[in-house]
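**Student:** Sequence:
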Amino acid sequence: MSSSSSSIDWSDVIKKEARGSNDEDLGEVQEVGQDYVLVQRGMINKDKFYIPKDMVESYDGDVLRFSISEEDAKSRFLGDSPPTSSSTNEGLTAARKAEETTTVPITEERLDASKRESTREATITKEPVTETKTVDVPVTHEEISVERRPASGSTTAERPVQSKTETKVPLKQEEVQVTKQPYVKEEVSVKKKPVTETRTVTDKVTSEKVKVKGKDVGEAQEEEET
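Counting in the numbering used here, the sequence shown runs from 41 upward without gaps.
To be clear, the hints were calculated from the coordinates, so they are not data collected in a lab. Just so it is clear, CB atoms sit at the ideal spot from N, CA and C, and this is done for glycine as well. Just to be clear, a hint being listed does not mean it is correct.
Said to hold, decoys possible - Computed spacing ranges between beta-carbons, pair by pair:
1) Ser121 to Gly101: 23 to 33 angstroms
2) Val103 to Lys244: 15 to 25 angstroms
3) Val218 to Lys166: 47 to 57 angstroms
4) Val169 to Val218: 14 to 24 angstroms
5) Glu227 to Ser158: 36 to 46 angstroms
6) Ile164 to Lys212: 29 to 39 angstroms
7) Ile84 to Ser121: 50 to 60 angstroms
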């Protein structure tokens with residue numbers, strides 16, 4: 041169970057593991073002073089960190105965690121003797137100043153492209169086309185031929201020729217009748233298949249940039265960061 045520095049039983053943290061803000065191994069707690077916690081690491085070349093109590097973040101009964109990184113602990117609190125009350129306060133103040141951070145969110149528009157499905161139609165049209173075709177059809181008809189030959193000279197019972205007579209002989213002939221019959225000449229097969237293509241989408245996006253104005257040593261300082 042984690043605890044704040046004000047509710048920690050300091051006598052219980054001796055010989056317990058100490059870790060930094062990034063879960064770095066700082067060593068083992070050796071001593072607890074009025075304003076500091078002595079953390080020692082190493083067997084031969086020992087590193088001693090006199091870290092202010094106010095920088096204790098939590099204690100779960102096994103691990104004492106500090107709100108400072110290993111690098112900051114080395115640069116501020118590494119030493120061979122306990123710090124004076126003023127140096128401890130100065131280190132704590134410097135650490136707190138280093139931790140005071142103002143976060144300014146910088147926004148930017150991101151171009152996202154999505155797809156939606158639409159439908160279009162393909163129209164297949166059949167229309168009549170007129171053309172002239174010629175077909176040869178053999179037809180048969182009868183014709184007459186006249187053949188003359190000498191008579192036998194015998195008499196006949198026919199009446200004497202007094203007027204013009206006609207004899208009709210029927211002649212047969214074939215005539216062509218034209219009919220039109222529709223039939224399936226060919227078939228058209230229509231298939232659908234997906235085709236993937238890449239399209240480039242271009243649009244304008246807006247982003248923010250940071251412009252900081254301040255004063256340092258009597259001179260105006262301006263910094264721009266995009």
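**Student:** Now tell me if each hint is right for this structure.
**Tutor:** Status of each hint after checking the structure:
Range check, Ser121 to Gly101: about 30 angstroms between beta-carbon atoms, so the 23 to 33 angstroms window is met. One distance hint, 15 to 25 angstroms for the beta-carbon pair Val103 and Lys244, is violated here, with the actual separation near 52 angstroms. About 24 angstroms separates the C-beta atoms of Val218 and Lys166, a value inconsistent with the hinted range of 47 to 57 angstroms. The given range of 14 to 24 angstroms is respected by Val169 and Val218, whose C-beta atoms sit roughly 19 angstroms from each other.
Between Glu227 and Ser158 the Cβ separation comes to about 30 angstroms, which falls outside the hinted range of 36 to 46 angstroms. Remark: the range hint 29 to 39 angstroms for Ile164 to Lys212 is contradicted by a beta-carbon distance near 51 angstroms. Between Ile84 and Ser121 the C-beta distance comes to about 19 angstroms, which lies outside the given range of 50 to 60 angstroms.
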